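If you read the protein sequences in the order shown, they are chains X and R.
For the first sequence, my numbering assigns the number 1 to the initial residue and increments by one for each residue that follows.
For the second sequence, my numbering assigns the number 1 to the initial residue and increments by one for each residue that follows.
Some hints could be false.
Said to hold, decoys possible - As a list, the in silico DSSO-like pairs of lysine-lysine whose alpha-carbon atoms are at most 30 angstroms apart:
id : chain 1 : residue 1 : chain 2 : residue 2
1  : X       : K288      : R       : K128
2  : X       : K327      : X       : K55
3  : X       : K176      : R       : K128
4  : R       : K128      : X       : K290
5  : R       : K128      : X       : K287
As the list claims (entries may be wrong) - Reference excerpt, derived from the structure (chain R facing chain X, CB under 8 angstroms, subset only):
id : residue
6  : Y5
7  : Q8
8  : Q9
9  : Q120
10 : T129
11 : T139
12 : Y224
13 : D228
14 : V266
15 : S269
16 : G270
Stated by the list, open to error - Now the in silico label distances, taken between C-beta atoms and shown as ranges:
id : chain 1 : residue 1 : chain 2 : residue 2 : range
17 : R       : I272      : X       : A90       : 42 to 48 angstroms
18 : R       : I237      : X       : G91       : 32 to 38 angstroms
19 : R       : Y271      : X       : D56       : 54 to 60 angstroms
20 : X       : A84       : R       : Q123      : 22 to 28 angstroms
21 : X       : G241      : R       : V114      : 38 to 44 angstroms
For the record, the hints were derived by calculation from the structure and aren't laboratory data.
Keep in mind that this is a model prediction, so the values were computed, not measured.
We put the beta carbon where it would ideally sit given N, CA and C, even for glycine.
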Amino acid sequence: MFKIMKNILSIIASIFLLGSITAKADVVVASAGPMSGQYASFGAQLKAGAEMWLKDTNAKGGILGEKVKLVIGDDACDPKQAVAVANKFAGQGVTYVAGHFCSGSSIPASKVYTEEGIIQVSPASTNPAFTDKGGPNVFRVCGRDDQQGEVAGAFLAKEYSGKKVAIIHDKTAYGKGLADATKKNMNKGGLKETMYEAFTAGEKDYSALVSKLKSNGIDAVYLGGYHTEGGLIVRQMRDQGMKTKLISGDALVTAEYWQITGDAGEGTLMTFSPDPRNNPEAAPLVKKFKAAGIEPEGYVLYSYAALQVFEQAATQAGSLDRKKVLKAMKKGKFNTVLGTLSFDKKGDVSLPGYVFYEWSKGNYKQL
Amino acid sequence: MDLAYFLQQLINGVTLGSVYGLIAIGYTMVYGIIGMINFAHGDIFMVGAFIALISFILFALTSIALPIVLLLTLLIAMVFTACYGWTVEKLAYKPLRKSFRLAPLISALGMSIVLQNYVQAAQGARIKTLQPVIQGGFTFLEDTGFTVSLSYLQIFIILVTIFLMAVFTLLITRTALGRAQRACEQDRTMTALMGINVDRTISITFIIGSSLASVAGMMFVMYYGVIDFYIGFLAGIKAFTAAVLGGIGSIPGAMLGGLLIGLIEVFWSGYISIEYKDIAAFTVLVVVLIFYPTGFLGKPDIEKV
Numbered sequence: 001m002f003k004i005m006k007n008i009l010s011i012i013a014s015i016f017l018l019g020s021i022t023a024k025a026d027v028v029v030a031s032a033g034p035m036s037g038q039y040a041s042f043g044a045q046l047k048a049g050a051e052m053w054l055k056d057t058n059a060k061g062g063i064l065g066e067k068v069k070l071v072i073g074d075d076a077c078d079p080k081q082a083v084a085v086a087n088k089f090a091g092q093g094v095t096y097v098a099g100h101f102c103s104g105s106s107i108p109a110s111k112v113y114t115e116e117g118i119i120q121v122s123p124a125s126t127n128p129a130f131t132d133k134g135g136p137n138v139f140r141v142c143g144r145d146d147q148q149g150e151v152a153g154a155f156l157a158k159e160y161s162g163k164k165v166a167i168i169h170d171k172t173a174y175g176k177g178l179a180d181a182t183k184k185n186m187n188k189g190g191l192k193e194t195m196y197e198a199f200t201a202g203e204k205d206y207s208a209l210v211s212k213l214k215s216n217g218i219d220a221v222y223l224g225g226y227h228t229e230g231g232l233i234v235r236q237m238r239d240q241g242m243k244t245k246l247i248s249g250d251a252l253v254t255a256e257y258w259q260i261t262g263d264a265g266e267g268t269l270m271t272f273s274p275d276p277r278n279n280p281e282a283a284p285l286v287k288k289f290k291a292a293g294i295e296p297e298g299y300v301l302y303s304y305a306a307l308q309v310f311e312q313a314a315t316q317a318g319s320l321d322r323k324k325v326l327k328a329m330k331k332g333k334f335n336t337v338l339g340t341l342s343f344d345k346k347g348d349v350s351l352p353g354y355v356f357y358e359w360s361k362g363n364y365k366q367l
Numbered sequence: 001m002d003l004a005y006f007l008q009q010l011i012n013g014v015t016l017g018s019v020y021g022l023i024a025i026g027y028t029m030v031y032g033i034i035g036m037i038n039f040a041h042g043d044i045f046m047v048g049a050f051i052a053l054i055s056f057i058l059f060a061l062t063s064i065a066l067p068i069v070l071l072l073t074l075l076i077a078m079v080f081t082a083c084y085g086w087t088v089e090k091l092a093y094k095p096l097r098k099s100f101r102l103a104p105l106i107s108a109l110g111m112s113i114v115l116q117n118y119v120q121a122a123q124g125a126r127i128k129t130l131q132p133v134i135q136g137g138f139t140f141l142e143d144t145g146f147t148v149s150l151s152y153l154q155i156f157i158i159l160v161t162i163f164l165m166a167v168f169t170l171l172i173t174r175t176a177l178g179r180a181q182r183a184c185e186q187d188r189t190m191t192a193l194m195g196i197n198v199d200r201t202i203s204i205t206f207i208i209g210s211s212l213a214s215v216a217g218m219m220f221v222m223y224y225g226v227i228d229f230y231i232g233f234l235a236g237i238k239a240f241t242a243a244v245l246g247g248i249g250s251i252p253g254a255m256l257g258g259l260l261i262g263l264i265e266v267f268w269s270g271y272i273s274i275e276y277k278d279i280a281a282f283t284v285l286v287v288v289l290i291f292y293p294t295g296f297l298g299k300p301d302i303e304k305v
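Turn these sequences into a full structure, and let the hints steer you where they fit.
Here's what the structure looks like:
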């Protein structure tokens, strides 16, 4: 009995060893984000971008003649799970991670990547602390919430001067960071918020919050949070007969927002980088995505671009060695679907900042 | 203004509490009859919400009138969810009935994970949405500066809850089935000797609990319009708290507990801080349990095997 067990165990062990050996033969890159849970639509965006990049790159013969393998990690936007995913990637011999999505996941995961020497480029995590406190291997191709808060704060102070604005957030790294950045800039612009409240992400009932907003006669609500909560809040505001405008950040850039709100979402404002879909260089790629039945909304092209950076940095370095690629990333210029970009010392990207979009009839358009 | 605001929060709280109460009844009935906490009950509620959503989407393709759609969806959700509840009991609890006390509890936690993953695999990990089925409502106290709104949907939820509460309380107190259930509660062996089919009675209890959870699921999907495979967890915890607060084992207690939890959450959010509303609800639970260890309406002398 004991012997059989031992044999089985050794077979299992050898299978695992074989698995990891074959995996190490290729270049392994990873895409990580919330593939399940309530923010799964963003995980799907990152995955779609990464998979398209993989197809394109391997069709061209891989990077420096090496075939590329993509692994997907699901962190469900949970900090603990993000660390587990990062450790798993380290075990799988991942060189380069395009992820994670939520700042609350990206920041703890980056500690693991720094220890393991894995390069991390987030397509979407906007919390300033991510690169401010991150290691030398941490980058992002999206903007920062202090930039986003500056745009939103100035807008609120100007458009709603003398009116009542409420600032609410979901207590996550992203939500609170963005709400506080906006609050600071709005106060600087001479407007003091009437209400400042926090709620718990994942709740469905916001009726008490909505009644509170109503009794304070709020004219505009600024939300630091994600589309599921934003959608429910706007829907419940309309249910209680409020016409208050919802203004939020880049975590609303998914068609799922409109699925939740329906017509209640009409007129919602959000800040996001200039839409990469409108870049002339991105046109052929956008067409390709649409042919594959994927709308390259939100962060799809960002995920694609984060991986393009790896491809070009490796080519410029002439090596797949992590240290050499990292060096190339620090000083190189990269021609991506987002435009030509480079990174500063912290790892922030040199791309234009934020502009306002308005949701109307199921789509968002730049103001 | 203040009165209007109070009234509005009261409406919010009663609606939320009704949903909690309906789920809590399932916990309380199962505990009453077999002395076990059915941790999979929150997930049965989630399954009910998905079935109601699927049914609404299918009916949206037809041109059946709204009241009939509501009634049919209610029936479909109740029947299918009851099947799930019945199956869970048959598979996970019945074989363990004679084993030690913790076994069915662990089995219940396992079933909870199984149901969550099953729905995730079958329906996908993304949220599912439903546009409002019933729109509009009343507004009153307009002249005070704060308009109180009461939607038709809220009225529907509260009325259906009261109706079901009344029906099931009558069922327990006035029918042969209810008598059999109460007998099982007191002494299962003796009940069996009296010629009552104990297994059948327990199955029926699970069926009733599950169909009530499915009604709560249907209300949830209509009221909030967004569901995912994970909603059962949070709702289950809240409803379980409600059941304990009201006195686990007592049906009016479950309803009372549900309403109390709903009202505490809403009034705490409305008058103090939204951030710590869960702490408020659980603190009240602790305080109540110190002074009434069996909850408000629980029987003090419950002795279970």
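Evaluation of the provided hints:
1. Simply put, K288 (chain X) and K128 (chain R) have alpha-carbon atoms about 27 angstroms apart, close enough for the 30 angstroms limit, and the pair holds.
2. Restraint check for K327 (chain X) and K55 (chain X): the C-alpha separation of about 26 angstroms stays at or below 30 angstroms, so the hint holds.
3. Simply put, K176 (chain X) and K128 (chain R) have alpha-carbon atoms about 26 angstroms apart, close enough for the 30 angstroms limit, and the pair holds.
4. In summary, the hint linking K128 (chain R) to K290 (chain X) is supported, as the alpha carbons are separated by about 23 angstroms, within the 30 angstroms threshold.
5. Between the alpha carbons of K128 (chain R) and K287 (chain X) the distance comes to roughly 28 angstroms, so the proposed pair stays at or under 30 angstroms and holds.
6. The beta carbon of Y5 (chain R) is positioned within 8 angstroms of a beta carbon in chain X (closest approach about 5 angstroms), and the interface hint is therefore held.
7. At about 5 angstroms, the closest approach between the beta carbon of Q8 (chain R) and any beta carbon in chain X falls short of 8 angstroms, and the interface hint on this residue holds.
8. For the restraint placing Q9 (chain R) at the interface with chain X, the shortest Cβ-Cβ distance is roughly 6 angstroms, inside the 8 angstroms limit, so the hint holds.
9. Using the Cβ-Cβ criterion of 8 angstroms, the hint placing Q120 (chain R) at the interface with chain X is satisfied: the shortest such distance is roughly 7 angstroms.
10. Because the closest C-beta pair between T129 (chain R) and chain X is about 4 angstroms apart, less than 8 angstroms, the hint holds.
11. Checking T139 (chain R) against chain X: minimum C-beta separation of about 6 angstroms stays under 8 angstroms; hint holds.
12. Using the Cβ-Cβ criterion of 8 angstroms, the hint placing Y224 (chain R) at the interface with chain X is satisfied: the shortest such distance is roughly 4 angstroms.
13. Look at D228 (chain R): its Cβ gets to within about 6 angstroms of chain X, closer than 8 angstroms, so that hint holds up.
14. Because the closest C-beta pair between V266 (chain R) and chain X is about 4 angstroms apart, less than 8 angstroms, the hint holds.
15. Checking S269 (chain R) against chain X: minimum C-beta separation of about 4 angstroms stays under 8 angstroms; hint holds.
16. A least Cβ separation of about 5 angstroms between G270 (chain R) and chain X falls short of the 8 angstroms threshold, and the interface hint therefore holds.
17. Distance hint for I272 (chain R) and A90 (chain X): a CB-CB separation of about 45 angstroms, consistent with the stated range 42 to 48 angstroms.
18. At roughly 34 angstroms, the beta carbons of I237 (chain R) and G91 (chain X) sit within the given window of 32 to 38 angstroms.
19. Checked against the hint of 54 to 60 angstroms, the pair Y271 (chain R) and D56 (chain X) passes, with Cβ atoms roughly 57 angstroms apart.
20. The hinted range of 22 to 28 angstroms is satisfied by A84 (chain X) and Q123 (chain R), whose Cβ atoms lie roughly 25 angstroms apart.
21. The hinted window of 38 to 44 angstroms between G241 (chain X) and V114 (chain R) holds, with their beta carbons roughly 43 angstroms apart.
Consistency with the previously given hints is maintained throughout, with no hint failing.
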